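J.: Each chain, written out:
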Amino acid sequence: MELEEIKKKIKEVSEKAEKQLGEIGEEEPEKLERWKVEYLGRKGEINNLFALLPHLASEERKEAGMLINNLKNSLTNVYEERKYTTVKKEKSKVNLSFPGKTPVTGSFHPITLISREISTIFTKMGFGIVTGPEIETDYYNFDALNIPAEHPSKDVWDTFYLSEKEKVLLRTHTSPVQIRVMEKIRPPFRVIAIGKCFRRDDIDATHSPVFHQIEGLMVDKGINFSHLKGVLTYFITEMFGKDVKVKFTPSFFPFTEPSAEVSMSCNICKGKGCPTCHNTGYIEILGCGMVHPQVFRNVGYDTDEFTGFAFGMGIERLAIIKFGITDIRYFFQNDLRVIKQFS
Amino acid sequence: MRYSYRLISEYINGLISPEELIRYLEILGLNPSVVVKSKDDIVFELETPANRGDLLCLLGVAREILPFTNASLKIPRLTFEETSTRITPVKIEDENDCIYYSCRIVEKISVEKTGLSLKEKIEKLGYRTCLNVVDISNYVMAETGQPLHIFDLDKIDGYVEVRRARKGECLVTIDGKKREIDENVLVIADSKKAIAIAGIMGGQNSEVTADTKNILIESAVFNPVVVRRGSKKIGLATEASARFEKGISIDTCKIGMARAALLIKEICRGDIGPLSESGSKKKFSHPVVKFNMERVNKLSGIEVEEKFVMDLLTRLSFKVKKNKKFFIVSPPFYRNDIKEDVDIVEEILKYRQYETIPANIPFASIKNTPSSPEIATLEKIRDICVWLGFTEVVHMGLTSMDNVSFNREIIPAEIENPISSNLKFLRTSLIPEILETIRFNIYHSTRNFNLFEIGKVYYKEKGSFREETRVSFMSINSGNFFTLKGKIENLFDKLHLKNLQFKEEPGVFATENNLAIYLDDVPIGNIFILSDEIKERFDLKREEIYGSEINLENIIGKVSFITFFKEPPKYPSSRRDFSFFFPEDIEWKEIENTILSLNLPVEKIEFFDFYKRDAIPNNIISISFSVFFRSATGTLENEDVVKFSKKIIETICLKMKGQLRGADGET
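Protein chains in written order, with our numbering: chain A, 1 to 343; chain B, 1 to 667.
Think of the hints as simulated: they come from the structure by calculation, not from any bench. Note that the structure is predicted; figures quoted are calculated from it, not measured. Backbone N, C-alpha and C fix where the C-beta goes; we use that ideal spot for every residue, glycine too. Do not take every clue at face value.
Claimed, not checked - If you anchor each label on the Cβ, the simulated ranges turn out as follows:
{"#": "1", "chain 1": "B", "residue 1": "Lys-307", "chain 2": "A", "residue 2": "Asp-143", "range": "34 to 44 Å"}
{"#": "2", "chain 1": "B", "residue 1": "Glu-93", "chain 2": "A", "residue 2": "Gln-333", "range": "50 to 60 Å"}
{"#": "3", "chain 1": "B", "residue 1": "Asp-40", "chain 2": "A", "residue 2": "Lys-245", "range": "25 to 35 Å"}
{"#": "4", "chain 1": "B", "residue 1": "Asn-297", "chain 2": "A", "residue 2": "Asp-143", "range": "25 to 35 Å"}
{"#": "5", "chain 1": "A", "residue 1": "Glu-15", "chain 2": "B", "residue 2": "Pro-569", "range": "51 to 61 Å"}
{"#": "6", "chain 1": "B", "residue 1": "Asp-41", "chain 2": "A", "residue 2": "Gly-324", "range": "36 to 46 Å"}
{"#": "7", "chain 1": "B", "residue 1": "Asp-175", "chain 2": "A", "residue 2": "Gly-222", "range": "49 to 59 Å"}
{"#": "8", "chain 1": "A", "residue 1": "Gln-333", "chain 2": "B", "residue 2": "Arg-166", "range": "49 to 59 Å"}
{"#": "9", "chain 1": "A", "residue 1": "Lys-83", "chain 2": "B", "residue 2": "Asn-480", "range": "32 to 42 Å"}
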């Protein structure tokens, strides 16, 4: 084989390669790859050219080899350059019908949600939020609140004792916080206290030995029963909507006088009567009253100067009414299928 | 107790309809609930307040609704003729225990089954009908509120005494149960034996039977506290004890006795003997309550007419006097709940009706009402926990002995009167209850989740009870230990708590893989890989669980939510990635401190990978991290960054026995 013949072949391959490369579009990377195999591959045109070299004399072989090598380098360079610009564009149409990916999120417990809703309403009215211990003494839980020892009026608060001898117990309501606040500060003030309470009740659909309460107390000169009605009516309509009817009826608590029980029209049957409201159309939601003068005397307040009102309500009960939860046990079972509903 | 419209109407002169009666009771807050409604009657129950024992009778309810009507009270007949002179002597051991005791003999009575008209009444009241004498005593209690007892006179030896039971004494009560009684229990006894538990239940040994010929009627006033203690002691509460505990006046006691004697004479015939009595001869001392209209209006927020108050209290049988400014009133004998002016105000508002009082928003002084400082912090932490993907759980905090036995150094608080053994202790950690919740959710096919709880734990220390607020985290089949650690670091970061240290120490829930958290050198909690042993205990063997518990008491005062604005950097940063081989037990903090000690313009060091592969020799791990360089005064030149990197590589290789695996990257 002649050197010229090989040179001619090299030129042919070079021209063909360039021509073909020119025909490859910018969005045809697969064609570019095929082109690479055809020329630069193991059985490609370049290697075919190299295969011809043994037919030449040694001087000619050197020259031809250099030419083929140059061609190989230039094709490789061209390929590398083109590789970056020849990219398959994504198809612009995407099937959007598939469901989105569920994000991992946290949720608040319904007790937190209700507590926050309640505190927001009261803090809007200028109430502060205070706390008190869960392990209490007989004095704060009962005596200071004018709850007589060894009287049937104490029966509603069936108590867990940590030490009956030392009069240490688990608070049965958040009311002892009232006393602790009043021992520390002078009126005027308005506060709410939120927290866990304990009563010796067996567990069933409506009773739990542990539950949460919100307590409220407002003391100032000139606070009266109509203010109690005003503040609590505002609270209930904020919480349950303007259409709810609110009813105040007489009740009895040793630490308030006059005392009242507040009910609202049943939000499940809209007042028509259903099992939740025992067919009365109304559900009891909280107890309240004007602070008993004996309670004021116990903390050294002048009963002629100051009057005030107090109220207390069960958070689980409110959550049951608000969310339609059917059983108080759900609150402490912590079934994520339940909690996650309220995020 | 049960009440009936017809039976109440017997004590009212005038006509009210059943609907009116029910409505009045509703207005008064007594929440009537109808039990039986028939053509001509309604039987209902009431929720009577604990301080209103006087409402536990038909007469009491009639008295209570009168002010709504023009009707008057029809007081039942109380007079009868004594036709015998026989008496049983009465002794009271201690007048503190028994304020007043009276009894009366009725001889030669005919004990029979109760006749139709009384039987009907008794059944409406919800009692089982029985012998006429017994039914009469029940009816009189329902009518007047006075519990009575009737003994078979022929079974009593000599006299009747009210005394404390003696140690080791026993009595079979009429319900057939043998009661062990002691000096805490008050009894009625004859010269030889106890014959009744005072105010609670009679004894079988003196019970009236169909063969009874002569009876002794008892009507007494026992000390409410003594009856209450006795009732608790022997575990027996009756309609009688419930009334005594609320307090009964001697006047009621006398009315009850008269009614019983009269009805027995009418129905069972026989000869009534004279009253035998002992104890307080004093009449009920009427408390005097002084108030003025100003006080009424100040408490109620409405203008109440003086005439309304005057009429109401008169209709309620209060004695009312009025001078220029003040009302001076005293309640009727049965109202032991009226003690001071506010009690009168409640009466006024009840009958004025709560519904008619307007709802007003108070004009209140604007004064910064103090909130407890921890509230804001705890709520912020709760928010951050949820942002970090944790779901909140809330547990009772009452738990079993097993669940408080993880940490032997803590003395748990124990409930003396628990409702069950698995709710006998107060939790000493939030973790065990959360582990039970994890198991519950895994059983219900929720497999990957993150939980947190903020709540109190309790323990005994130096003889007193303590409570402590904590937060706990649990990560279940979601990421690895460092996922949880990262979240907790992020929490502390958001709370602006800086001086934090982690130290490997054995913990309660992981002996091996436990990291103690220190804040300002005080231990505040742990992050751990839950030990296999505890996993097994909670049947969670197959789950990957990481946990953490942090005491918030020391944190609350140190948390800050104040953020000062920082100008964003003006000049770009340069990043270099490094990979080194290190001995397996290398402490990351050491690497960080070594680099920081070089005083280079290092903005931050970010760890991003570590691995240990078969190809790498034993006891050696590969650690990769990025270092960000930034100068506040200008853009860093490439040569500078190369110089800094070299310095880092040199130092680490020289000082820390690190071996360079690779370094590159530029930003």
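J.: Give a verdict on every hint.
T.: Each hint tested on the structure:
1. B/Lys-307 with A/Asp-143: 34 to 44 Å: holds (40 Å)
2. B/Glu-93 with A/Gln-333: 50 to 60 Å: Taking Cβ atoms as reference, B/Glu-93 and A/Gln-333 lie about 54 Å apart, which means the hint holds.
3. B/Asp-40 with A/Lys-245: 25 to 35 Å: holds (33 Å)
4. B/Asn-297 with A/Asp-143: 25 to 35 Å: holds (31 Å)
5. A/Glu-15 with B/Pro-569: 51 to 61 Å: Distance hint for A/Glu-15, B/Pro-569 holds at roughly 56 Å.
6. B/Asp-41 with A/Gly-324: 36 to 46 Å: Since B/Asp-41 and A/Gly-324 have Cβ atoms about 38 Å apart, the given range 36 to 46 Å holds.
7. B/Asp-175 with A/Gly-222: 49 to 59 Å: holds (56 Å)
8. A/Gln-333 with B/Arg-166: 49 to 59 Å: holds (51 Å)
9. A/Lys-83 with B/Asn-480: 32 to 42 Å: Hint holds: Cβ distance 39 Å, inside 32 to 42 Å.
Comparing the model with each numbered hint stated earlier shows that all of them hold.
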